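Engineer: Sequence:
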Amino acid sequence: MSKARFRKAALALPGVIEGAHHGHADFRAGKRVFATLGYPDDTWGMVKLTPDQQAVLVDAEPEMFRPVPGAWGKSGSTNVKLAKIDPVTLRSALEMAWRNVAPKSLLASLETR
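Residue numbering for the sequence shown is 1 to 113, as defined by my numbering.
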């Protein structure tokens with residue numbers, strides 16, 4: 001998976017805009033970040049999951065997912081190994097993260113797709 005494909009998958013979700021956060025590309029639903037690229041380096045992305053969602057993904061696919069080190073990881077921020085993840089799994093993880101932060105109006109738009 002390339003950074004370009006991660007970006008394209010994130011931007012395909014309703015109402016997503018790309019910005020920057022701590023020097024890394026980020027993806028927002030409304031005003032809230034749900035994913036980033038390039039942390040801790042260019043071989044990783046990050047999705048903002050719940051701790052329960054993170055546990056399921058890390059347990060099921062440890063070669064693709066790992067908790068972000070420190071407090072952010074304990075709250076659900078999850079690194080995505082770009083070289084290992086397939087498009088279907090990435091879309092699923094991005095959609096979970098998007099749903100976690102999206103305003104109700106954007107959630108409704110996904111349901112009508």
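Honestly, the hints are just simulated from the structure, not real lab data. Careful, some of the hints might be misleading.
[Unchecked claim] Only pairs whose alpha carbons sit at most 20 Å apart, straight line, appear in this in silico SDA-like list of lysine to any residue:
id : residue 1 : residue 2
1  : Lys81     : Leu11
2  : Lys74     : Asp86
3  : Lys81     : Val58
Remember, it's a predicted structure, so these values are computed and weren't measured experimentally.
Engineer: Taking the hints in turn, state whether each one holds.
Structural biologist: Checked hints:
1. Lys81 to Leu11: Given that 20 Å is the threshold and the Cα spacing comes to 19 Å, the pair holds.
2. Lys74 to Asp86: Measuring from Cα to Cα gives roughly 25 Å; hence the hint is violated.
3. Lys81 to Val58: holds (11 Å)
Hint compliance for this structure: hint 2 is the single one not met.
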